[in-house]
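Novice: The lines below spell out each chain.
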Amino acid sequence: MDLNLTREETQFRDELRAWLTANVPSDWETHRLYDGMEERFRFLRRWQKRVHQAGWAGVAWPKEYGGRGARLMEQVIFSEEMARAAAPPLANVLGLGLIGPAIIAYGTEKQKKRYLPNILSGDEIWCQGFSEPNAGSDLAALRTEARLEGDHFVVNGQKVWNSYGWAADWCALVARSDPASAKHKGLTYLLVEMTSPGIEVRPLRQMTGESEFTELFFRDVRVPVENVLGAVGDGWNVALGTLAQERAALGVSAQIAMRRQLERLVELAHQIPSNGHTAAEDPLVRQKLAQSYVDNEVLRLNQMRAVSKIIETGRPGPEGSILKIGWSEANQRFQRMAQEILGPRAQLTGGSDFAIDNGAWGYSYLRSRGNTIEAGTSEIQRNIIAQHVLGLPKSY
Amino acid sequence: MHFGLTETQETIKKSAREFLRAECPMSEVRRLMETETGFAPALWAKFAEQGWTGIIFPEKYDGFGLGMVEMAVALEEMGRVLAPGPFLTTVLLAGTLLDRAASEEQKQKYLRAICRGEAHSTLALLEKSGSWNPDQVQLEAKRSSGGYRLNGEKQFVGDAGVADFLLVAARLEGDLAVFIVPAAAAGLRMALTPALDLTRRLYGVWFDNLALPEENLVARGGRAREAVQAALDVASVGLIAEMVGGIEKLLDLTVAYAKTRKQFNRPIGAFQAVQHQCADMLVLLEGSRSAVYYAAWALNEREPSAQAAVSVAKVYASEAYREVGNKAIQVQGGMGFTWENDTHLYYRRAKGSELAFGDASYHRERIAQTLIDQRRMVGEAGGDSCR
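If you're matching them up, the sequences are chains L and P in order.
Quick note: the first sequence uses the working numbering, first residue 1, plus one each step.
Quick note: the second sequence uses the working numbering, first residue 397, plus one each step.
The following block holds chain P by itself, in its conformation from the complex:
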């Protein structure tokens, strides 16, 4: 057993850091956050060149065929620089869903386009209830001549504004069903819903008797349910890895400031009141990192404990990122509260990330169902899952 990155994984992480430092400086992030879509096609093309847009998908669809841990370390670096763009939505949500549930024809067409960096997509899941539980989906899908009709509303749809097609979760004759909806389809309307995180985009999406041909159904019933859950788990690991990168960057910023900022003739980092806040930030960083690497590994191995591992990481990192943000601002004092200082961009990202793919309460309840209702303690050494 070895709990640490392999040499290859370290190399991926290092080259991702160097690439992003050059291609995605904070000046670019700040420029893009002022634009409507928050997105740069040129940067996306470079992501595709790196192989990132197909990072975890089979080579037969022009994917890169890497594992979840490799994905996670790349995402850690993206989160460190607040890389903008529809990566979580296109690659991890839509890509995984297609990979798990789509037909061969659909994969050849849609998954391949994602892998090649030629298409953007997203998953429209949440509705009025705000629940990430796929069982709560109510958007109506009805059979009509030669296909389906969709009617209803979706909320919190990430990056819908740049999507070429959306994967839409709907209720079809009582079943959960997932459809491919082209962005240009008649009866589709969307509107940006500005939120705290300035480096991501959320949309409301409305379906007005939108017609779809038969072949746009991806899956229904248990298969759809499993694929949506798989997409959420994979995207969660990506998101949490990004959060770890963000936490690390905040710690680095704060420690650098504490070493140089002087008050009472000494660097403020010489005061224990400041030191202890920095130490707590490191504790939160390392816990989040251990949790997400484990979750990535467990997902990759399709361990029975994988879902619990994802939830553990999401709960821990959600609170860690928020708390590290609080401390980062506190230690940097007035400077940390200014618009020019980058800290608030991470602080905002922390809030958006905490709420995405289920907040801490949602994931604690998911854990409770295993821990309490099934009286199972998951996660002993070696991925041994039952007591």
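Only chain L is shown next, with the shape it has when bound in the complex:
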């Protein structure tokens, strides 16, 4: 147990910190609060390009594919330093967090060379095609079909809840390649170019009013067999690794986002009046803010322990479900509490007179409602913990 940074880690941190100090765009806060989703995304794509050119994208990815070749710990330090510098996030969230790691783990040499550098540079944005209208929590029930015809798979079906579907150049798709198969067997993981004929992208408007997600319709979409990731029929295992990564990766960014919001909330608490003094002096508000800090620290520490374990054992385990429950529920508690502390102005949306931070708090309150659903519902996470960690009998 040694939480001090090693000499290499310290050197990495100091170099990165210096680079960020000199390069973080000063107008990010304005873009964050006032841009529309697509405009903001273009800004983030330009930012990723700069980060990549300076050699900071894909910290833990192998050097030969454009990464930095460092360990996962440096990747965590990267996230921490980005947060500390109030830097914008990188645009290619799914490519960097989920699909790139799957390609590193399962891809052929040719695939790695073809896809990884463009993920890092942000030249190719990725989305993920897993969930279907009738395959949500029961993901293995998916029915999108990939029929082999010569040297191509022909894909037919519908996917839903695709984050960044509207921006994506590529889609990581799981489809049923063996029509006689059921459940986890007979699935294949395909890398599909979004400009392929037969793909239709429809925005899916969610309760926040944004269309962060899309629905994807596939009609006789031809995908070359060389675009299979892993083995034909082994798509479930490839996807499962991605899902575990997803839980870990989303956790780090969610925890950091929450910490930044907590810092801002503390600042605001010094200005907001409450019973004749400021909210910062109100004992109940103090208790609530401190509890958020506790929640956030416990998330951070659980993640540090998980990362150390991944470095030791090589793979994220089912314990990722503990992190997923942790960050999603903590964020919902945090957003609820922020609304209470901020008072009536918290409900005012972007553009309103008197709105706080241009309505960012109302947005994050609504957005957090999705946290216990996306990336595996809390119920599914608890099933995984009960059955795969605690060894209780299967319930379905």
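The hints are simulated quantities; they were obtained by calculation from the structure and are not laboratory data.
It cannot be assumed that every hint is accurate.
[Claimed, not checked] Covered stretches of chain P (chain L as the covering partner; in silico rule of three or more C-beta atoms under 8 Å from a C-beta of chain L):
id : region
1  : 424-438
2  : 655-664
3  : 671-683
4  : 690-699
5  : 763-771
[What the hints assert, rightly or not] Below are the DSS-like pairs computed for lysine-lysine, each with C-alpha atoms no more than 25 Å apart in a straight line:
id : chain 1 : residue 1 : chain 2 : residue 2
6  : L       : Lys-394   : P       : Lys-645
7  : L       : Lys-309   : P       : Lys-409
8  : P       : Lys-442   : P       : Lys-645
9  : L       : Lys-113   : L       : Lys-49
10 : P       : Lys-410   : L       : Lys-309
11 : P       : Lys-524   : P       : Lys-456
12 : L       : Lys-394   : P       : Lys-655
13 : L       : Lys-309   : P       : Lys-645
14 : L       : Lys-394   : P       : Lys-658
15 : L       : Lys-394   : L       : Lys-185
[Claimed, not checked] From the derived model, a few chain P residues whose C-beta atoms are all more than 12 Å from chain L:
id : residue
16 : Phe-399
17 : Gln-532
18 : Ala-579
19 : Met-586
20 : Ala-687
If you're wondering where the values come from, they're calculated on a predicted model, not measured in any experiment.
For every residue, glycine included, the Cβ atom is placed at its ideal position computed from N, Cα and C.
Assemble the complex: chain L is given as a structure, and chain P must be docked to it using the hints.
Specialist: Just chain P now, with coordinates in the frame of chain L:
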């Protein structure tokens, strides 16, 4: 950076578990809880043989010289079996206070005796206010010919009934001051105050013009304040580690029950309503464990974030232990509500532990003073403490 136990730490934990399984079975805990002092000298002697009574103190006082993480993993195992006896009070409270503030002569005499397992002690801190804040101490200490006189009342003094000497926090000419008071001193009276936790003992202690020689003053002013706070932080880490052990034991008991108890022709553990409660218990266990290991490490390194880390762990584990107890009883149904089932002993311990060394509200306010008043977010990667 590595956040996990080293091989040595794993070995300490494992051997502590094996030792306690053999030496401190639940039958022994239940026997001792019916006695007045809740304490077995024979078991204490074995703790001393293990080196535990001097675990974190320098070898020159016959201590074992280990670090806080090593201490924490041993305590985790003690908490798992509800090990009775004055460990937190003697070793972690009194021992740390002496280690931080006592003179060389005092250490040679009192700390050495603690390390060797030859003396028991405790810290008398709380008064009528029930506050763990040393600034609230009011017990009166006055200078008199060649020494001091103490007058007043202390409450919630753990294990005073078996203490050979007490460390007493008092107010001397406006300063916080800590004195060594022999249990046999004239003018000292104590009475057991029975409480929910049957495996610990709390006392009221009264000082009636109690006379002490000059050499029984340990420290006063800032030095005393710092040493008392250090003792509370170290003892808190020990306590929280014990709580983690207790939480783990409750989870193990509950999962084992859910796998074997059948209703509607299936183990109740096959029902999601039960599974999800067990899953929540694991979430609470792992969060508490991460928090206390970090706090132990931060204290050991004397990190600026250490106090906040202790408070984070205390807040989280206090609520976790109570909540895990609730779920353990709920899942075990009527069986979990019986006297014979061990769950209530942990449930009681959870309540006592939640209140010891500052409850969640106390520690949240301590965090608020850093987070809000100083606008400092403590605890980034690598123990980096300032924004």
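Novice: All hints, please: hold or fail.
Specialist: To see whether the hints hold, each was checked on the structure:
no. : hint                     : result
1   : 424-438                  : violated (count 0)
2   : 655-664                  : holds (count 3)
3   : 671-683                  : holds (count 9)
4   : 690-699                  : holds (count 4)
5   : 763-771                  : holds (count 6)
6   : L/Lys-394 with P/Lys-645 : holds, 23 Å
7   : L/Lys-309 with P/Lys-409 : holds, 18 Å
8   : P/Lys-442 with P/Lys-645 : holds, 23 Å
9   : L/Lys-113 with L/Lys-49  : holds, 18 Å
10  : P/Lys-410 with L/Lys-309 : holds, 19 Å
11  : P/Lys-524 with P/Lys-456 : violated, 38 Å
12  : L/Lys-394 with P/Lys-655 : holds, 11 Å
13  : L/Lys-309 with P/Lys-645 : holds, 23 Å
14  : L/Lys-394 with P/Lys-658 : holds, 14 Å
15  : L/Lys-394 with L/Lys-185 : holds, 19 Å
16  : Phe-399                  : violated, 4 Å
17  : Gln-532                  : holds, 17 Å
18  : Ala-579                  : holds, 38 Å
19  : Met-586                  : holds, 35 Å
20  : Ala-687                  : violated, 6 Å
The earlier numbered hints that this structure contradicts are 1, 11, 16 and 20.
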